Amino acid sequence: MKRDGLRLRLSGTFSGSLSVSDDESKVRKAKSSVDDDNMLPRVISSATDTRTHVVVELYETEKSYVEAVEILVKKYLHPLKSPENAGLLDAFVVDEIFYQVPAILNVHQEFLEKLRRRLEQWDLQQKVGDVFLDVFTKPTVMDTYMSFISNLKKAKETIKTAASSRPAFAKFLDAMARDHKGKLSLDNLLIKPVQKFPSYKLLIQRLIKHTDQSHPDHKLLLDAQKEIHNLLELINCTERESLELEMQQQSLRELESMIEGLSNLVTSDRIFIRHETVTIPSAQGTIKDRALFLFNDTLLITSVKRRTGTIKKPIPTYQSSIASQMEGNKYKLLMRINLADLEIVKSKDENLRRIMHEVETLTEDAKTLAQISEHVAALHYPHTPLEDLVRELLCSVTRQLSERQNSDTQLCFMEISVNTSSGSENLTIIFSKTEKRSNWEELIIETKQKLSVYGHERPAPEFLSPVPIRKTRAGLQFTCAAPTLPPKGQSPDVWVCNSDGYVGQVCVLTLSPNPQVTSCNGVCNARILCVACVPPAPHTTIDLPPTSHISGANKPGISISDPDDSCKNIRLDSSSSSDEEDDGSSSENQDAQSERSHESGSLRYATRTLTPNHSKSLSTPHTGQNIQVHPVMKSNSNPAVDKQAMGITSGTLSSPASRQSSEDSSTTANQPTMWLGTEDGCIHVYNCLDNIRIKKNKVKLQHNSGVHSIVYVEGKVFVALGNGDLVAYCRDIEGSWAERSTIQVGTGSTPVSSMLLSEGRLWCATHSSIKIINPHTLQIDETFQISSETKPISHMAVSHGAIWLSLHNAAQLRGYNATTRELICEINITPHVTKMLHGCDDIIRQHKAACLRVTALLAHRDTLWIGTSAGVLLTAPLHNVPSARSGLTQPHITGIPYGHTGHVRFLTIVENPVPQKPTKPTQLKAKGLSRRSANAEKLQKQAENNKNNMETLIISGGDGYEDFRSSTMTEDAGREDSTNHLLLWRV
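Just so you know, we're using the UniProt record's numbering here: the sequence shown kicks off at 1 and counts up by one.
The set of hints was computed from the structure by calculation and includes no laboratory data.
Please note: incorrect hints may appear among the correct ones.
Taking lysine-lysine and the BS3-like style, the derived pairs with C-alpha atoms no more than 27 Å apart in a straight line are [said to hold, decoys possible]:
| # | residue 1 | residue 2 |
| --- | --- | --- |
| 1 | K138 | K488 |
| 2 | K75 | K219 |
| 3 | K332 | K448 |
| 4 | K81 | K183 |
| 5 | K138 | K171 |
| 6 | K81 | K160 |
| 7 | K181 | K75 |
| 8 | K114 | K74 |
| 9 | K153 | K74 |
| 10 | K160 | K196 |
| 11 | K192 | K181 |
| 12 | K156 | K171 |
| 13 | K201 | K127 |
| 14 | K471 | K848 |
| 15 | K219 | K201 |
| 16 | K226 | K192 |
| 17 | K181 | K156 |
| 18 | K171 | K181 |
| 19 | K196 | K183 |
| 20 | K436 | K330 |
| 21 | K153 | K127 |
| 22 | K74 | K154 |
| 23 | K156 | K81 |
| 24 | K835 | K848 |
| 25 | K192 | K75 |
| 26 | K192 | K114 |
| 27 | K63 | K156 |
| 28 | K330 | K305 |
| 29 | K288 | K171 |
| 30 | K153 | K114 |
| 31 | K156 | K196 |
| 32 | K209 | K219 |
| 33 | K219 | K448 |
| 34 | K305 | K181 |
| 35 | K330 | K433 |
Now the in silico label distances, taken between C-beta atoms and shown as ranges [what the hints assert, rightly or not]:
| # | residue 1 | residue 2 | range |
| --- | --- | --- | --- |
| 36 | S64 | V304 | 33 to 41 Å |
| 37 | T510 | P102 | 42 to 50 Å |
| 38 | R821 | K488 | 23 to 31 Å |
| 39 | R965 | P538 | 42 to 50 Å |
| 40 | Q516 | N338 | 52 to 60 Å |
None of these values were measured; they are calculated from a predicted model.
Note that the Cβ used here is the ideal one computed from N, Cα and C, for glycine as well.
Please put together the full structure from these sequences, using the hints given.
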């Protein structure tokens, strides 16, 4: 009955006569008749539109694919795991061969069933694009296919090995292949999942071609095409990655077979990078040929001897086979060095630039004299004296050139120090060319850094590019930076603050499509000390307080909670969001003049009348509950001073200007904002989405001391002032920043120098102690002393249960357990920075070491980033918290090859959305330094990161840009020292 009803519905649907194109005729001719058990395609084949026939073709190909996968499960997997066939293969081997096959079958059975239901209810407006989206956008589908493909090579090898070692299993495979209607073997069936998604892509393209844009399925098909394309790219990337991994493993096996005495070389995590023929002086003074083989964790040194007699050439397994490059020689292992035990001993290379410059100059002179000699010989006038002089000069230049080239051989030497059980041993390696020595030195340093800091589990930070920011005024230096909070799916901007002590400037760095500075504009006449992004007010229902508690509630604005006066207001900048600002005022002087005129001539005040403090309650937007004002929130300072410092006036205003400011403030509450704190005590508040070039600040808050730090915590903004006060701003019931409470944390001589959030509480560093504040009660819960020294704390960072801090003008880091407050380790960064400065001039190196200090700290995931006054950036892995009880020592500090010529001024982190596509090979991967996945679990993890569609960027700001890998001076050295640079890494 069901089939008859379906036949009637479908015949009624397509009873109309439509024109038939040649393409449609071909589609109908391609339809094969089916038996009575599969009536669905036979009925729909009577339709005359191409779109319907493509859907039928999709259904038929899907049905055929499901049948093929069912054969894998029902004819192979289940019988091989049945008790009667227990002797054919072990159960774990069967699971390894058919890994993820049952999961793939479940996915496509669901897809086939949904297609069948759509065809049962088919009409001209029916959709199939949403079926693709429902099934193939599930995270499990991508994970399943990636895991299957990464295991496919291993599964085929297992089948081949088992068939050769177990005749009964080979007979079983032959019997199953004969029984298959297409005579397909197990290998041929296993490859079908890899071939499936290209057919989806082609069928969807045909569906889109024959679906009108007004059809409800058109947009769904476009979305499905995008999803299938992304999934296909990811599958292809995984397949290539698996192939590369197999090729890498094969090269390791070839090397192990060709080097005498070498064993245990092949591991899933080891990558071969490069090999080179060199010479090494022996203890007896003779120089012998040797070969270097560099891996991501090991360096091999072997002897090299020419083979005699008939050479049996190995059969290369792929085009760039290592064996084909090594044929004709015999290799014997002499040394196997762990890269962690190897250090490159830096020689004094200060003369390299001079020697190379002399060689280049003499070479050019020799060419010029040779040309002069030819011209002299062509003279008709007697020219013997001139010819003799030119010949003499040419001989002299040639002799000096030969001497310089011979002296240049010392630049081909690379000395390494190896830590052995008997102590340190030095070894000199001689390369054929200076360029090769330099490349190998750079490669070893880079490989060691990746291994020591990031191990085998995580990729190293990928250096993207330096971004220079030209100075619009002499003396401008970076002070701070923070990313904005963009709309969902868009890239954030980064606000980078500069100052020369007189003018505060904001440079906007956009990240999409490529990092570039879009604007630099002066915003104030003071140094900007801090910047923070504050999210908009949450959209929740607020419990309104009784009307008797609030006067003038229809005029929301920013106000102050003062125990001595209930009617005080914080001023709002007047033309805050005017789109008619002069776009040409790019200079700081014009901005400053406009700001002064603006403040004096057209200030508008947003007012809000408050009841006396004893009856006033704070309403928290995120809870909807009223919290009574705690006594600690009352200001202990002179109220008159507070009012004057805050720019407050008495009374209420109901002018149109006041109402306009109130509307602006309400609008600001619904948008993310950037808070800029200045040295003269001002906080300038801007909307994140405003163009800072043409719009003034939304809100201007004035304090009686410099603003040192701003932190947003759970609906509150905490502001640390230079007089030791900590000001907490809270939102009112409309979401505006209306309440202000002051906590005295330090003094004018010991202000709060750094703040961070840890375990839901605010940690404030004041001089050499840390005060922990509860952000809800605004009470100081705990105070602990970190040192008896007179040096104050300068920077703090928290990661993995540890608080890391640096002291003012000190080259030391201290780590404290965030729970027990115990000191877990102390780190001196001096030797690590000195190692990175090996290529600098002696005077510069000594100067940087003498005044070395930590200038920036940033903890991200399990890595601590350290900025220094020498321009060197250091990283330390923080997988576990060091402690004496756990036996963990202090983290291993490693220098990053790229840094600044001068101070590192700040470090910040940005989450940036990226297109959903497979990660492109990086520069490190091209060199063989990238760590490729070796199992399904790692591939799934990589897929999850791709799905999140986000990338994390670390940004360093400082004076100049320098590549510390080079131990030689170049013509460009020092050229960009005075230019501020942003350095970007992808982590």
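Results for each hint:
1. K138 x K488: holds (21 Å)
2. K75 x K219: violated (40 Å)
3. K332 x K448: OK: K332 and K448 at ~25 Å, within 27 Å.
4. K81 x K183: holds (23 Å)
5. K138 x K171: violated (39 Å)
6. K81 x K160: With a Cα-Cα distance of about 18 Å, the restraint between K81 and K160 holds, given a limit of 27 Å.
7. K181 x K75: This hinted pair holds, its Cα atoms lying about 13 Å apart.
8. K114 x K74: Satisfied, since the Cα-Cα distance of roughly 22 Å is no more than 27 Å.
9. K153 x K74: holds (22 Å)
10. K160 x K196: Roughly 24 Å separates the two Cα atoms, so the pair holds.
11. K192 x K181: Judged against 27 Å, a Cα distance of about 16 Å means the pair holds.
12. K156 x K171: holds (17 Å)
13. K201 x K127: holds (17 Å)
14. K471 x K848: holds (24 Å)
15. K219 x K201: holds (16 Å)
16. K226 x K192: holds (22 Å)
17. K181 x K156: holds (22 Å)
18. K171 x K181: Since the Cα atoms of K171 and K181 sit roughly 18 Å apart, the hinted pair holds (cutoff 27 Å).
19. K196 x K183: holds (19 Å)
20. K436 x K330: Distance ~23 Å between K436 and K330 Cα, so the pair holds.
21. K153 x K127: violated (38 Å)
22. K74 x K154: holds (22 Å)
23. K156 x K81: Holds, because 18 Å separates the two Cα atoms, which is no more than 27 Å.
24. K835 x K848: holds (12 Å)
25. K192 x K75: holds (16 Å)
26. K192 x K114: holds (21 Å)
27. K63 x K156: Status holds; Cα separation ~25 Å.
28. K330 x K305: The given pair, whose Cα atoms are some 5 Å apart, holds under the 27 Å limit.
29. K288 x K171: violated (57 Å)
30. K153 x K114: At roughly 32 Å apart (the allowed maximum being 27 Å), K114 and K153 break the hint.
31. K156 x K196: holds (19 Å)
32. K209 x K219: holds (12 Å)
33. K219 x K448: Roughly 51 Å between the alpha carbons, so the hint for K219 and K448 is violated.
34. K305 x K181: With Cα atoms ~58 Å apart, K305 and K181 exceed 27 Å; violated.
35. K330 x K433: holds (23 Å)
36. S64 x V304: 33 to 41 Å: violated (57 Å)
37. T510 x P102: 42 to 50 Å: At roughly 48 Å between Cβ atoms, P102 and T510 fall inside 42 to 50 Å, so the hint holds.
38. R821 x K488: 23 to 31 Å: Since the Cβ atoms of R821 and K488 sit about 40 Å apart, the hinted range of 23 to 31 Å is violated.
39. R965 x P538: 42 to 50 Å: The hinted range 42 to 50 Å holds for R965 and P538, with Cβ atoms some 48 Å apart.
40. Q516 x N338: 52 to 60 Å: Because 43 Å falls outside the window, the suggested range is violated.
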